[in-house]
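Trainee: All chains, please: the whole structure from these sequences, using the hints.
There are 2 protein chains.
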Amino acid sequence: MSEGDLDQALALQARITAFVRAFGLHQPDRTPCGTPVPTSEAHAVGELDRDGPLTQSMLGERLRLEKSTVSRLVSQLTGRGWVRRADRDGDARLVWLELTPDGRRAAGELAVARAARFAALLRNIPAEQRPVVIDALTALVDAAAASDVTGAARG
Amino acid sequence: MSEGDLDQALALQARITAFVRAFGLHQPDRTPCGTPVPTSEAHAVGELDRDGPLTQSMLGERLRLEKSTVSRLVSQLTGRGWVRRADRDGDARLVWLELTPDGRRAAGELAVARAARFAALLRNIPAEQRPVVIDALTALVDAAAASDVTGAARG
DNA sequence: GATCAATGGTTGTATGGTCGAACTAATTGG
DNA sequence: CCAATTAGTTCGACCATACAACCATTGATC
Chain A
1 MSEGDLDQAL
11 ALQARITAFV
21 RAFGLHQPDR
31 TPCGTPVPTS
41 EAHAVGELDR
51 DGPLTQSMLG
61 ERLRLEKSTV
71 SRLVSQLTGR
81 GWVRRADRDG
91 DARLVWLELT
101 PDGRRAAGEL
111 AVARAARFAA
121 LLRNIPAEQR
131 PVVIDALTAL
141 VDAAAASDVT
151 GAARG
Chain B
1 MSEGDLDQAL
11 ALQARITAFV
21 RAFGLHQPDR
31 TPCGTPVPTS
41 EAHAVGELDR
51 DGPLTQSMLG
61 ERLRLEKSTV
71 SRLVSQLTGR
81 GWVRRADRDG
91 DARLVWLELT
101 PDGRRAAGEL
111 AVARAARFAA
121 LLRNIPAEQR
131 PVVIDALTAL
141 VDAAAASDVT
151 GAARG
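Residue numbers (the UniProt record's numbering), protein chains in the order written: chain A, 1 to 155; chain B, 1 to 155.
If you're looking for bench data, these hints aren't it; they were derived computationally from the structure.
Where a beta carbon is used, it is the ideal one built from N, C-alpha and C, also for glycine.
Treat the hints with care, as some may be off.
Unchecked claim - Footprint (simulated), chain B over chain A, 3 or more residues, beta carbon under 8 Å:
no., stretch
1, 61 to 67
2, 135 to 145
What the hints assert, rightly or not - Sample of chain B residues at the chain A side, in silico, Cβ under 10 Å:
no., residue
3, A9
4, I16
5, T17
6, F19
7, T39
8, S57
9, A115
10, P131
Mentor: The following block contains the structure:
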């Protein structure tokens, strides 16, 4: 690896660190979008809203969370009345999760808040640079997934 | 805001969400770089290593953390023997923080691990795209800072 | 100079988050 | 029919954060 590569790695690190802080990704009890909903719950509801009924392990895979964590998360969501644990014909071990009407409403509101937050973010990026930023993030995500040692092995 | 803008906001949201998950930013007790050091401690040590002695409030400002959180964080670090609370001439309210020799060593090791992790990330991005990605992240960080409502007002 | 507001930190309390290990129940394969 | 696997639950340990109440110091005002 050359000097330039190291410089790039350091630059990348600084940017990502800065972004995490600036975007408020540290607050567990609020989404960065300002909604007073715990982040993890927002993520879970979002997945369920987008991709219909899921089992807990499917959800855990998407969120990259351990099954015990998912179990608790789901309990919180059912307690909130947003998610229902529905039994289905077939494998009786599986717990199928689906949003309740309340959950769908909440998911919608969260989506709106999120869109507003990201729209605000976009407004602060020069218009001509926006597609570039999005493409760059795509590359970054792919790279993260490809270079992920810990996450894939865990769980 | 046009339709295209909304699409872009959604795309941006999806990418960032995906990155947070893929990069393992959810683990509080490990850095995403694989070191068994709590993330917040790693951040604090990094700041102190880079920018010399800091007061607690200065550190909190950089990390975007509330003063009580910083106080506890610093206690952990002193307990670990990485940070020293040094008194200095001048304002007696201020607590100046500096790394111990052990702390400097730890900071170095963390920096190495971090660099390795980010280098791995970079390797999975086509070489010609790397500068673009870094520039894009810069724009993103600036935008996040500019569009930050919650963070600036908090604390 | 005495008083009182502002500033920097600490401690207490309440949430929220994550994992790994031990355990149960259901399924699948020999 | 029993063993290994798979899906989830519960428990324990740890980490992260904020807000409020409190203390000490400082600095400004009178």
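Trainee: Against this structure, judge whether each hint is valid.
Mentor: Cross-check of the supplied hints:
1. 61 to 67: holds (count 4)
2. 135 to 145: With 11 residues in contact (Cβ-Cβ under 8 Å with chain B), the coverage given for the stretch 135 to 145 of chain A holds.
3. A9: Since chain A brings a Cβ to about 4 Å from A9/B, closer than 10 Å, the hint holds.
4. I16: OK, holds: I16/B within 10 Å of chain A, min 7 Å.
5. T17: 7 Å, holds
6. F19: Constraint on F19/B satisfied, holds at 5 Å.
7. T39: Status holds, d = 9 Å.
8. S57: Result: violated, 16 Å to nearest chain A Cβ.
9. A115: For A115/B, the interface hint holds, since the closest Cβ of chain A sits about 5 Å away, which is under 10 Å.
10. P131: 8 Å, holds
Hint 8 from the earlier list is the only one contradicted by this structure; the remaining hints agree with it.
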